[in-house]
Every structure is written in C-alpha cells, then in structure tokens.
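Engineer: Here are the chains, one letter per residue:
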Amino acid sequence: AQSVTQLDSHVSVSEGTPVLLRCNYSSSYSPSLFWYVQHPNKGLQLLLKYTSAATLVKGINGFEAEFKKSETSFHLTKPSAHMSDAAEYFCVVSDDQAGTALIFGKGTTLSVSS
Amino acid sequence: EPEVTQTPSHQVTQMGQEVILRCVPISNHLYFYWYRQILGQKVEFLVSFYNNEISEKSEIFDDQFSVERPDGSNFTLKIRSTKLEDSAMYFCASSFQTVLGDTQYFGPGTRLTVL
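Listed in order, the protein sequences are those of chains Y and S.
Residue numbering for the first sequence follows the numbering used here, beginning at 1 and increasing consecutively.
Residue numbering for the second sequence follows the numbering used here, beginning at 1 and increasing consecutively.
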C-alpha cells in the first residue's frame, strides 16, 4: 500500500526567507509523486510532478522538489517566500496509472509573515 | 488554459435529501474522479470513472453514492440520502493518460453542508 507522511502540519516563514515543506512516502514500487497547493477557498492546483525522469523537479511559482529514494523523501522547497505562497500544501503519491486513486498527505499549512 | 469546473460552489441540504453535484471535466480527458475533504481532514478518494463505468472506488463510496456521465460534457455525483457526516468539500478531477503518465486536474470544489 502507498502512503505519504507530511512531517509538519504548520510551517511559518518570513517573506524573503527559504521554504522547506517535508514529505516522506511509502511505496512498494517506483511511485509518481506530486505536490498540490490549495489557497483559501480555492481548488487544488498542481505545483509539480515527479515521474523518474529527473530527481530534481521544477514547478510553478519558483517551487521545486527533490526525489531521494534512499531517504524515501520528496521535500518541497522555494528559495524565497512570497506572501502569496501562504496556502495549504499537499504531498501526493500515485502509481501514475489513469483511473487510480491519488493518496494525499494530511497537508502542511504555510504561513508567510512580512 | 482549460480547467475543470464544478457547480454549485456551495450546496446546503437537509439530512435525508438527495443531492447532485455537477462537474465539467477538461474536454479531451477520458478519466474522471471524485474526492472529498471533510473539514480539517485529508483529501480522500471516492471513485474513478472511465468509458461509462466505474474503474475504482473506495470503501467510502457505498450504495448511497452514484456517478453518471449523462451527456458528453457533464460528470455528476449523486448522494441519495444525505447524512450529517457527508458534509465536506467535494472535488472533481479529470485526467488523460499519456506516455508521460497521468496527471489529475482538479476543479474548485463544491462545499456540501448537510443540516
């Protein structure tokens, strides 16, 4: 069975400082991994996706994530936080087959202060 | 850019009533999904649908739930007799499998409140 664990339920940063949102996964085979973002009262927006082509994945809005098989991790980073980054972030795992379920982590709330 | 749309954005209903949540997937997508997110909890998979039949469903998706593609554009989720615990945000998603894999794109959600 696949699962994801988001290690922090809430992360607070100051504007202009780096962001690190941590995610560990469990999968019996090579998974596909995603980060989705949910802004208040909005839907789920795809930030980035890992599918084994490259371990460092670049997404939208300056976010990137690195797949580390040895650590079973897929942490999300951004060099410099912006106020508009404040949102809920979900780490997601799937077997990348159409029609199958995405397995979501519990989410990390990112707060950005000025 | 094409996107998934959902109506209504908010639905309030009385316990025991039937509700239908509507979604318009991205036009060239072939796979459709429903997920729900109870307030304060994680997003949970309900069901996936392909070629006019259910591909996969979770244990949450019991006989109270049904899905349908009534025409070439809409995809609906029906809850026959709503319970208080059905109150949640319901997300529709769609995808199109390619050689690069499958990516699900989500709509903005319908907030269902059961009183």
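Because the hints were derived from the structure by calculation, they are not lab data.
Among these hints, one or two may not hold up.
Sample of chain S residues lacking proximity to chain Y, with all beta carbon distances greater than 12 angstroms (derived) [to be verified]:
no., residue
1, T13
2, G16
3, E18
4, V43
5, L46
6, N51
7, E56
8, S58
9, D71
10, G72
11, N74
12, I79
13, S81
14, R111
15, L115
Under 7 angstroms between C-beta atoms, here's a sample of chain S residues computed to sit facing chain Y [as the list claims (entries may be wrong)]:
no., residue
16, Q17
17, R22
18, Y31
19, G40
20, F45
21, F61
22, P70
23, S95
24, G109
25, T113
Computed from a predicted model, the values in this text were never measured in an experiment.
Positions of the beta carbon are idealized from the N, C-alpha and C atoms, including for glycine.
Engineer: Does each hint fit the structure? Answer for all of them.
Structural biologist: Taking the hints in turn, this is what the structure says about them:
1. Its beta-carbon lying about 20 angstroms from the closest one in chain Y, T13 (chain S) satisfies the requirement of being farther than 12 angstroms from that chain.
2. The beta carbon of G16 (chain S) sits about 28 angstroms from the closest Cβ of chain Y, which is more than 12 angstroms, so the claim that it is off the interface holds.
3. At the 12 angstroms boundary, the C-beta of E18 (chain S) stays outside the reach of chain Y, the nearest C-beta of that chain being 24 angstroms off.
4. At roughly 4 angstroms from the closest C-beta of chain Y, the C-beta of V43 (chain S) falls inside 12 angstroms, breaking its exclusion from the interface.
5. Look at L46 (chain S): its CB is around 9 angstroms from the nearest CB on chain Y, not clear of 12 angstroms, so calling it non-interface is violated.
6. Listed as outside the interface, N51 (chain S) is inconsistent with that label: its C-beta sits roughly 10 angstroms from the nearest C-beta of chain Y, within the 12 angstroms cut-off.
7. Against the 12 angstroms criterion, E56 (chain S) falls within the reach of chain Y, whose nearest CB is about 6 angstroms from its own CB.
8. Some Cβ of chain Y comes within 12 angstroms of the Cβ of S58 (chain S); the nearest lies about 7 angstroms off, and the non-interface call is violated.
9. Distance to chain Y confirms D71 (chain S) as a non-interface residue, since its nearest Cβ pair spans about 21 angstroms, more than 12 angstroms.
10. Residue placement check: G72 (chain S) keeps its beta carbon more than 12 angstroms from all beta carbons of chain Y (closest about 19 angstroms).
11. Distance to chain Y confirms N74 (chain S) as a non-interface residue, since its nearest Cβ pair spans about 18 angstroms, more than 12 angstroms.
12. Against the 12 angstroms criterion, I79 (chain S) stays outside the reach of chain Y, whose nearest CB is about 19 angstroms from its own CB.
13. Interface exclusion of S81 (chain S) from chain Y stands, the closest Cβ pair being 25 angstroms apart, more than 12 angstroms.
14. The beta carbon of R111 (chain S) sits about 9 angstroms from the closest Cβ of chain Y, which is not more than 12 angstroms, so the claim that it is off the interface is violated.
15. Remark: the non-interface label on L115 (chain S) is consistent with the geometry, its nearest Cβ contact in chain Y lying 21 angstroms away (cut-off 12 angstroms).
16. Taken as an interface hint, Q17 (chain S) does not check out: its beta carbon lies about 25 angstroms from the nearest beta carbon of chain Y, beyond 7 angstroms.
17. Contact between R22 (chain S) and chain Y, as hinted, is not supported at the beta carbon level, the nearest pair being about 15 angstroms apart and thus beyond 7 angstroms.
18. At its closest, the beta carbon of Y31 (chain S) sits 5 angstroms from a beta carbon of chain Y; the interface hint therefore holds under the 7 angstroms criterion.
19. Because the beta carbon of G40 (chain S) sits about 10 angstroms from the nearest beta carbon in chain Y, more than 7 angstroms, this interface hint is broken.
20. Of the supplied interface hints, the one on F45 (chain S) holds, with its beta-carbon coming within about 4 angstroms of a beta-carbon of chain Y, less than 7 angstroms.
21. A least Cβ separation of about 11 angstroms between F61 (chain S) and chain Y goes past the 7 angstroms threshold, and the interface hint is therefore violated.
22. The interface hint given for P70 (chain S) is violated, since its Cβ lies 20 angstroms from the closest Cβ of chain Y, which is over the 7 angstroms cut-off.
23. Nearest Cβ of chain Y to the Cβ of S95 (chain S): about 5 angstroms, under the 7 angstroms cut. The hint holds.
24. For G109 (chain S), the interface hint holds, the least distance from its beta-carbon to any beta-carbon of chain Y being 5 angstroms, beneath 7 angstroms.
25. A least Cβ separation of about 14 angstroms between T113 (chain S) and chain Y goes past the 7 angstroms threshold, and the interface hint is therefore violated.
In terms of the numbered hints stated before, the structure departs from hints 4, 5, 6, 7, 8, 14, 16, 17, 19, 21, 22, 25, listed from lowest to highest.
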